[in-house]
Amino acid sequence: MDTLVNMYIAYAVIWAGLFVYLLKLHLDARRIEAEMRTLREALDARGK
Amino acid sequence: MCLPPNVRIALLAAAAALILAAAYQGLVVAEVPDGWKGERAPDMFRTMFFHVASAWVTYMAFGVTFVGSFMYLRSRRLEWDALAAASAEVGVVFCTVAIVSGSLFAKGTWGVYWVWEDLKLMMTLVLWLVFVAYLALRANMSGRQRRASQSAVFGIVGVICVPLSFAANRIWVTTHPTVIASSSGDIGPGSALALMLAVVGFTLLYVHVLGTRLEVEHLRDELETLKSRVGD
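Note that the protein sequences, when read in sequence, are chains A and B. The opening residue of the first sequence carries number 2 in this note's numbering; numbering runs sequentially from there. The opening residue of the second sequence carries number 101 in this note's numbering; numbering runs sequentially from there.
Hints in this document: simulated from the structure, not taken from any laboratory. Beta carbons: idealized from backbone N, C-alpha and C, even for Gly. Certain hints may be false.
To give an idea of the interface, some chain B residues facing chain A are shown, with a C-beta separation under 8 Å as derived from the structure [claimed, not checked]:
{"no.": "1", "residue": "GLU217"}
{"no.": "2", "residue": "LEU304"}
{"no.": "3", "residue": "ARG320"}
{"no.": "4", "residue": "LYS327"}
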């Protein structure tokens with residue numbers, strides 16, 4: 002790294018990447034839960 | 101195998117507290133050892149804590165993949181396969197962090213981002229590639245039991261790279277320094293505390309991420325079951 006600031010920016014990018022991955026997992030879970038709710042409602046409506 | 105949400109939140113909070121404590125201890129309090137008194141070296145030394153901690157989590161995650169794969173082959177229960185796959189994915193994420201942070205460390209101390217002749221670096225790159233291939237294999241395979249069986253064998257064989265990557269700088273002559281359990285690499289009590297806090301913090305972060313990844317896997321399975329019921 003040319004300067005210490007550049008290195009800290011690089012580390013900030015690494016941390017941001019970790020949190021984006023974690024956020025993606027949480028969003029995936031919420032999206033699947035919403036899809037499951039819709040499917041359950043469809044099943045209830047059909048009396049299964 | 102899923103962790104309850106409140107346990108996962110507690111783990112994340114504890115991990116954040118420990119990593120912040122490690123950052124304070126490592127960046128502000130800890131003394132830089134005598135061997136690290138060069139122009140840039142003290143600053144680079146202070147970034148070592150997170151690099152070592154992410155490498156530790158990488159080895160642990162792939163170790164869990166080995167256990168999950170082995171247990172799947174013994175029991176044929178898909179929960180073990182889910183654990184192996186989730187841990188492999190989290191391991192690849194932390195291995196990426198370890199490689200990128202190691203490259204930054206190398207640039208600051210050796211003047212280059214990568215040394216192709218260094219066996220420690222190369223074995224870690226091979227480890228990363230093996231588990232990226234493991235994930236690619238799973239993503240392109242149909243049939244849950246077939247996918248689980250083949251990836252379990254792949255996971256068990258791939259873990260051979262873990263001890264080779266860990267021990268490369270102890271077995272062969274490499275540019276990579278030996279920080280832990282090294283007679284020449286004493287880092288002092290302040291830095292050892294920072295390293296310990298970072299390792300424990302990253303371990304808790306790994307358990308949190310693994311728990312979240314397993315929850316997603318579990319929800320996907322439930323969704324598939326629901327879809328098949330709707331389709332009937």
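Interface hint outcome for B/ARG320 [beta carbon to chain A under 8 Å]
For B/ARG320, the interface hint holds, since the closest Cβ of chain A sits about 6 Å away, which is under 8 Å.
Is the interface hint for B/GLU217 satisfied, with its Cβ closer than 8 Å to some Cβ of chain A?
violated (22 Å)
Holds or violated: B/LYS327 as interface residue toward chain A, Cβ cutoff 8 Å?
holds (7 Å)
With a cut-off of 8 Å, does the beta carbon of B/LEU304 approach a beta carbon of chain A closely enough for the hint to hold?
Violated - the Cβ of B/LEU304 stays beyond 8 Å from chain A, reaching only about 13 Å at its closest.
Violated hints for the displayed structure, listed by number in ascending order: 1 and 2.
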